[in-house]
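Enquirer: Which chain is which? The protein sequence lines are A and B, in order. Offset between the first sequence (1-based) and my numbering: plus 210. Offset between the second sequence (1-based) and my numbering: plus 6.
Simulated from the structure, these hints should not be mistaken for laboratory data. Since we're looking at a predicted model, the values are computed, not measured. Just so you know, even glycine gets a beta-carbon here, dropped at the ideal spot from N, CA and C. It is possible that some hints are incorrect.
Said to hold, decoys possible - If you want a taste of the chain B side facing chain A, the calculated C-beta under 8 angstroms gives, among others:
1) A63
2) A82
3) F84
4) V87
5) G90
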Amino acid sequence: MIRVSVQPEAIDAAAEQTAHDTGGHGASASFIGRVRGDGGLVELFLDHHPVLTAAGLEALAADAAARWSLAALTLIHRVGPMAPGDTIVLVLASSPHRAEALAAVEFLIDRLKTDVMLWKRERFADGRVQWVEQRGSDHGRAERWD
Amino acid sequence: MLRISYFAWVRERMGIAEEAVALPDAVASVADLIAWLAARDEAGARAFAEPQRICAAVDGHMAGPEAAVPRSGEVALFPPVTGG
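Please model the entire structure based on the sequences and the hints provided.
Expert: What follows is the structure in structure tokens.
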């Protein structure tokens, strides 16, 4: 079962994990990405495309399901304004075997950073606002899976 | 008419989220479209000063600078993505 969501609502990781686990899978791996409050950051805003962001996540999920034997996959990305500590992204992958579950999670989180239409804008306590620039290291990690 | 939508700092510099335009015949590729927008007005010049930093999707599919631009349909223009 594949569940993909792009949502402005807070991600309820516990509820998602419970729903994901209904299959009683042998191995489940997870990743949670949260907003860091580094450098006086007070708000992180995630801009997205109303259609293509979800389509990109669905394509990534399908790619992962084709590469590894997954019993269940949950891929949820929050959009809109967020505060430090909020969960931005949740990835859950389950398989009969741990290696496949772990690899699928790593693949998804690496590719998320380069393949999906999402843009981060940071706002700081001193009033500065800046769009996050893509890092070369993100591309390096994503290209390992080509 | 071609519908163009803008995202992230491209949208902020353009001052609009989307618009519908009638393209001149000379605008054939994504690169042509970006150059045309850059030359059209001050907002376009600001948004597209560095064309190498602009990505595009044509009718829902990622498209390189050489990709053809349809006379009607949708083009999205945006900076490199930073999700995750």
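Enquirer: Now tell me, hint by hint, if it's right for this structure.
Expert: Here is what the structure says about each hint:
{"no.": "1", "hint": "A63", "result": "6 angstroms, holds"}
{"no.": "2", "hint": "A82", "result": "6 angstroms, holds"}
{"no.": "3", "hint": "F84", "result": "7 angstroms, holds"}
{"no.": "4", "hint": "V87", "result": "6 angstroms, holds"}
{"no.": "5", "hint": "G90", "result": "4 angstroms, holds"}
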